[in-house]
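Visitor: Based on these hints, arrange chains A and L on the given structure of chain W.
Protein sequences appear in the order of chains W, A and L. Those letters in the first sequence? Residues 1 to 160, per the numbering used here, in order. Those letters in the second sequence? Residues 1 to 160, per the numbering used here, in order. Those letters in the third sequence? Residues 1 to 160, per the numbering used here, in order.
Wrong hints could be hidden among the right ones.
It does not matter which identical chain is meant; a pair holds if it fits inside one copy or across any two.
[Said to hold, decoys possible] No more than 20 Å apart at the CA atoms, straight line, and that leaves these computed lysine-lysine pairs for PhoX-like:
| no. | residue 1 | residue 2 |
| --- | --- | --- |
| 1 | LYS59 | LYS97 |
| 2 | LYS98 | LYS58 |
| 3 | LYS5 | LYS155 |
| 4 | LYS93 | LYS51 |
| 5 | LYS98 | LYS64 |
| 6 | LYS7 | LYS155 |
| 7 | LYS93 | LYS76 |
| 8 | LYS98 | LYS155 |
| 9 | LYS64 | LYS76 |
| 10 | LYS59 | LYS98 |
| 11 | LYS93 | LYS59 |
| 12 | LYS64 | LYS93 |
| 13 | LYS97 | LYS64 |
| 14 | LYS7 | LYS117 |
No lab work stands behind these hints: they were computed from the structure.
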Amino acid sequence: MENQKEKTTIVLFSGDLDKAIAAYIIANGAAAYDHEVTIFHTFWGLNAMRKDAQVPVKKGLLEKAFGWMMPRGANKLGLSNMNMLGMGPEMIKHVMKKHNALSLPQLIELAQEQGVKLVACTMTMDLLGLQQEELLDGLEYAGVAAYLGDATQAKVNLFI
Amino acid sequence: MENQKEKTTIVLFSGDLDKAIAAYIIANGAAAYDHEVTIFHTFWGLNAMRKDAQVPVKKGLLEKAFGWMMPRGANKLGLSNMNMLGMGPEMIKHVMKKHNALSLPQLIELAQEQGVKLVACTMTMDLLGLQQEELLDGLEYAGVAAYLGDATQAKVNLFI
Amino acid sequence: MENQKEKTTIVLFSGDLDKAIAAYIIANGAAAYDHEVTIFHTFWGLNAMRKDAQVPVKKGLLEKAFGWMMPRGANKLGLSNMNMLGMGPEMIKHVMKKHNALSLPQLIELAQEQGVKLVACTMTMDLLGLQQEELLDGLEYAGVAAYLGDATQAKVNLFI
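One chain only, chain W, in its complex shape (with noise of 0.2 Å):
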């Protein structure tokens, strides 16, 4: 027991660029203080684990429209609040970056270097239509249950 580390879990349901920023530097500050942190990307969540180009895979229709609607990674994310038709995300990364902080793929970046576990909830991609080639490299691949297996060995655990 003495020994084991503290742990933290986020699920990231939201899309939004402003939350996903307040996921990843909760994530990666939790990190830096030697937690086990987990990021469970559900439902909206997994559009920040998008690659920016597109990948040619087999969909149907409906999965198409889905993956032609939904923003293509962490890029192009919207915010919860005062997005003005894509004006605030350009003016909150024009402030992130005079302020030098880390831009959402960085964070994201940082992330996967210190080792935090970044998680597409397999049911998710099965609705939407989402699959393994389109999403970032390194993540796992788990549903419900992996996450409750975390979370209840957790003391912080956040749904963002």
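Guide: This is chains A and L only, laid out in the frame that chain W set:
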């Protein structure tokens, strides 16, 4: 201590279909792993607990207005994202059916069968003028004190 | 161990009136049960901490724009749902008054009286150009490290 069950609590504040589905999937998962699970429905989260049919109860004008404006039951909820004037929820329901995923009303029924404690926040009911007759059978009625009593004994506490 | 108080933390990320009310009701409830409670205000959650009146401080153009676009104080927040061009918040405030429920500014005051630790996220303040003079008196100023320090000692940790 050895014999105590793990406890999990969820505050369901949101009235969005996708968030309610996420809450009930986590709750049912935890119940399947033999956790004692509480879902505390507050604010818009109460809408998922409303009966489909209109129930004749005496109300003031403002309470009638709230009752009329808020979605009546788990089948009527919108999405947090890509709602698209109601087309989004139908798309989600369609793909869930296609993948044999349980619908929200089915997830709620399963939760009740598994003994998940479904609580309606009495303060919100007072504010919005919702009466017990208008909500599903088998709910408990309580306030923030009861929620905190459960949450302080639980390891996984989420606000959705 | 025996004498230690229960601890509860809330990250208030949202700038929505209804979510801020929920956060402060839970926080005040927990404080009434003698928990040590921290509310960490980040991103739009900082808007609830702004003073009503404009405070003359030196700012760049972009920071002025943020200051002008974001709601100034707990009385100006919108709703997450049914905002209806500002009619929703007035309806909620009206029913809360009618039922003798505390308003958000009163809930914040009560929290301060009960010793709830209200923290303003310094990183967000930097990004949005908010200065201490513009925020309520009696706040603490800290970052994610301090939040994690509190959260790892708490049983109830919510992200709202």
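Visitor: When no copy is named, should LYS5 and LYS155 be tagged within, between, both, or neither for a Cα gap of at most 20 Å?
Guide: Cα proximity of LYS5 and LYS155: in one copy and across copies (11 Å, 16 Å).
Visitor: Within a copy, between copies, both or neither: which one fits LYS98 and LYS64 at a CA-CA cutoff of 20 Å?
Guide: Answer is between: at 15 Å across copies they meet the 20 Å cutoff, but 37 Å inside does not.
Visitor: Under a CA distance limit of 20 Å, which applies to LYS93 and LYS76: within one copy, between copies, both, or neither?
Guide: within (11 Å within a copy, 26 Å between copies)
Visitor: Reference check for the pair LYS93 and LYS59, CA-CA at most 20 Å: within, between, both, or neither?
Guide: This pair counts as between: shortest inter-copy Cα distance 19 Å, intra-copy 33 Å.
Visitor: Under a CA distance limit of 20 Å, which applies to LYS7 and LYS117: within one copy, between copies, both, or neither?
Guide: Intra 11 Å, inter 24 Å, cutoff 20 Å: intra-copy only.
Visitor: Since the copies are identical, ignore which copy is meant and state whether LYS64 and LYS76 lie within 20 Å (CA to CA) inside a copy, between copies, both or neither.
Guide: The answer is within: 18 Å in one copy meets 20 Å, while 26 Å across copies does not.
Visitor: Between LYS64 and LYS93, at a C-alpha cutoff of 20 Å, which is it: within one copy, between copies, both, or neither?
Guide: between (29 Å within a copy, 17 Å between copies)
Visitor: I want to check one pair: LYS7 and LYS155. Are their C-alpha atoms no more than 20 Å apart within a copy, between two copies, both, or neither?
Guide: Cα proximity of LYS7 and LYS155: in one copy and across copies (6 Å, 12 Å).
Visitor: Is it within, between, both or neither when you check LYS97 against LYS64 at 20 Å Cα-Cα?
Guide: between (34 Å within a copy, 18 Å between copies)
Visitor: Check LYS98 against LYS58 for me: Cα-Cα at most 20 Å, and say if that holds within a copy, between copies, both or neither.
Guide: Between. Shortest inter-copy distance 18 Å satisfies the 20 Å Cα cut-off; intra-copy 41 Å does not.
Visitor: When no copy is specified for LYS59 and LYS98, does a C-alpha distance of 20 Å or less occur within a copy, between copies, both, or neither?
Guide: Answer is between; shortest inter-copy Cα gap is 14 Å, intra-copy 41 Å.
Visitor: For the identical chains here, do LYS98 and LYS155 meet the 20 Å Cα criterion within one copy, between copies, both, or neither?
Guide: Neither way: LYS98 and LYS155 sit 35 Å apart in one copy and 37 Å across, limit 20 Å.
In this structure, the one hint that does not hold is number 8.
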